[in-house]
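Colleague: Protein chains in written order, with the working numbering: chain E, 1 to 433; chain V, 434 to 576.
No lab work stands behind these hints: they were computed from the structure. It is possible that part of the hints are untrue.
Here are the simulated lysine-lysine pairs, DSS-like style, with alpha carbons at most 27 angstroms apart [to be verified]:
| id | chain 1 | residue 1 | chain 2 | residue 2 |
| --- | --- | --- | --- | --- |
| 1 | E | K393 | V | K446 |
| 2 | V | K487 | E | K415 |
| 3 | V | K446 | E | K225 |
| 4 | V | K493 | E | K386 |
| 5 | E | K386 | V | K562 |
| 6 | E | K415 | V | K493 |
Quick partial rundown of chain V residues pointing at chain E, CB under 7 angstroms, derived from the structure [claimed, not checked]:
| id | residue |
| --- | --- |
| 7 | F442 |
| 8 | E444 |
| 9 | V477 |
| 10 | G496 |
| 11 | S498 |
| 12 | T502 |
| 13 | D503 |
Glycine residues also receive a C-beta, built at the ideal position from the N, C-alpha and C atoms.
Take a look at the letters that make up each chain.
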Amino acid sequence: MIFDMEFETLPREALEAIQLRRLRATLERVYATVPFYKERFDAAGIHPNDFRSLSDLQHIPFTTKQDLRDNYPYGMFAVPLENVVRIHASSGTTGKPTVVGYTARDIQMWAGLMARALSAGGATRQDIIHNAYGYGLFTGGLGVHYGAERLGASVIPVSGGNTRRQITIMKDFKPTILTATPSYALHLSEVAQEMGVSFADLSFRYGIFGAEPWSENMREEIQQKLNLKAIDIYGLSEVLGPGVSVECYQAQSGLHIQEDHFIAEIIDPHTGKVLPFGHTGELVFTSITKEAFPVIRYRTRDITTLDPSPCICGRTFVRMQKVSGRTDDMLIIRGVNVFPSQIESVLMQIDGLSPHYQLVVDRVENLDTLTVMVEIGETLFSDEVKALQGLEKNISYRIKEELGVTAKVRLVEPKTIARSQGKAVRVIDNRKI
Amino acid sequence: MGVQQLSVFLENKAGRLSEVTGILSEAGINIRALSLADTSDFGVLRLIVDQGEKALDALKFNGFSVAITDVVAVQVDDRPGGLHRILGLLHEARINVEYMYAFVHQSGRHAVMIFRFDRPKDAVDLLQKNGIRMIEGDALYRM
Chain E
1 MIFDMEFETL PREALEAIQL RRLRATLERV YATVPFYKER FDAAGIHPND
51 FRSLSDLQHI PFTTKQDLRD NYPYGMFAVP LENVVRIHAS SGTTGKPTVV
101 GYTARDIQMW AGLMARALSA GGATRQDIIH NAYGYGLFTG GLGVHYGAER
151 LGASVIPVSG GNTRRQITIM KDFKPTILTA TPSYALHLSE VAQEMGVSFA
201 DLSFRYGIFG AEPWSENMRE EIQQKLNLKA IDIYGLSEVL GPGVSVECYQ
251 AQSGLHIQED HFIAEIIDPH TGKVLPFGHT GELVFTSITK EAFPVIRYRT
301 RDITTLDPSP CICGRTFVRM QKVSGRTDDM LIIRGVNVFP SQIESVLMQI
351 DGLSPHYQLV VDRVENLDTL TVMVEIGETL FSDEVKALQG LEKNISYRIK
401 EELGVTAKVR LVEPKTIARS QGKAVRVIDN RKI
Chain V
434 MGVQQLSVFL ENKAGRLSEV TGILSEAGIN IRALSLADTS DFGVLRLIVD
484 QGEKALDALK FNGFSVAITD VVAVQVDDRP GGLHRILGLL HEARINVEYM
534 YAFVHQSGRH AVMIFRFDRP KDAVDLLQKN GIRMIEGDAL YRM
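With these hints in hand, go ahead and build the complete structure from the sequences.
Modeller: Here it is in structure tokens:
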């Protein structure tokens, strides 16, 4: 079912007219209310009044995660704080999170987009949605929740964790739609198996999974083990949260970007030049309806391709392929964004610790694990095992404190972490995704 | 009264121990006593050798993390209750044994145990006062 028939099936020309009108209004507003954008536009010799066509967008400077960090916490807000009704945050590159805000209208708009997204993924108002995305600063839980309510479905706000209890709820409440990260979905299937519960006996029809990258192979595995159709959903808190784009259950091929609210571009990550449809590059978003936290040409660092060809579902929105990688070194571990530089700064806070480290990411029983290998130098080496184990625990505790991610710390011998051309290999990602 | 012990950090990987013994053998160093404490990930190899400085240089040169620790070599009567008496004295004085291991050679009719104490000075005083003999480093390295 198409939730918002009028907008989701707009002919290209009409869609672009709406985009242009909304974009111009957004540019005027950010120029007037966000000092960062005024400075950037002035420095580039651009004034919102000069803006004539959508193709002028390519002359506007990019916004990066670093820019958001430099303006921590509220510097990028385009409305006074008294008009902000919700704040979310995601982890940043040095421990400082990226803070985003929403006005009451933003929350309504988001709920509408999530209702569209859930519909595209097969949900209707008759469905019971088991929402296992985390509720909290992370946008996943509440994003899905408001969308489900807007759609008129019944939502079970189960959040993440407490997996055995979740299985019991699934058995007893008979939810028909599962929303979760794909790795947690697989974990659910394993715990169910341990408990002697088969997903074939549960009532799920569709699963709407996102917040971390997953492959077609993983989709097949999920579909088979959970006995449901698996749909990919995409979003990032800087742009909105979940619901920026979503697959339709009919095609399961590419995620429709909600283009009446976001303008997507693909750029060459090295030159910054805009690439035509069909080319692979970095995804860039401009929000054109958000009030509290609009972003102009935000570089997502996600690599994908845009496909404008018509879709069997009837939506006219352009489709992005599943994200195939990143242009930076960000890792997503159990839904938490982790930059190697964050780990490095934790290690550097411990006196005498060698700056040589390596992150090993694995997927064990469908859950991501992070192992931090640290070379043990003369200064911290002790003849007592318990002192060394204490050091491991201390590092692990500090990582958890700073990044919110559980890491196993392993001490290794000096000079054993592979160095290539003098530069250490910081990340080994063994996950097959 | 000090005996110098070398500690070497080893990952739990096949062949690491033999690499250490290989380095020492090549440098002409004789191992007098040895103990290995391990966890699932790593181990700490503790060694007493005849030429400590030389062994330290050779191991460091080969990239190992090495520490020098002062330990105490204690003569233990080679009969039932010999070790128990010593541990009893330490326990009463609330001195903790961090770890201990046996020396390869015997000293006359005595066994030799290597101790690492949390308060080495107090431990040595206590043992001396109770007539328990300890062996100096120089003598021990040559045993």
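Colleague: All hints, please: hold or fail.
Modeller: Hint check:
1. E:K393 x V:K446: Answer holds: K393 (chain E) to K446 (chain V) is near 21 angstroms, not above 27 angstroms.
2. V:K487 x E:K415: Distance ~21 angstroms between K487 (chain V) and K415 (chain E) Cα, so the pair holds.
3. V:K446 x E:K225: violated, 37 angstroms
4. V:K493 x E:K386: Cα-Cα ~23 angstroms, so holds.
5. E:K386 x V:K562: violated, 31 angstroms
6. E:K415 x V:K493: Holds - the C-alpha atoms of K493 (chain V) and K415 (chain E) are around 12 angstroms apart, at most 27 angstroms.
7. F442: holds, 5 angstroms
8. E444: Nearest chain E Cβ about 5 angstroms off; hint holds.
9. V477: holds, 6 angstroms
10. G496: Constraint on G496 (chain V) satisfied, holds at 5 angstroms.
11. S498: Cβ of S498 (chain V) sits 4 angstroms from chain E, so the hint holds.
12. T502: holds, 5 angstroms
13. D503: It is violated, given that the least Cβ distance between D503 (chain V) and chain E is near 10 angstroms, above 7 angstroms.
The structure does not agree with the numbered hints 3, 5, 13 stated previously, though it agrees with the rest.
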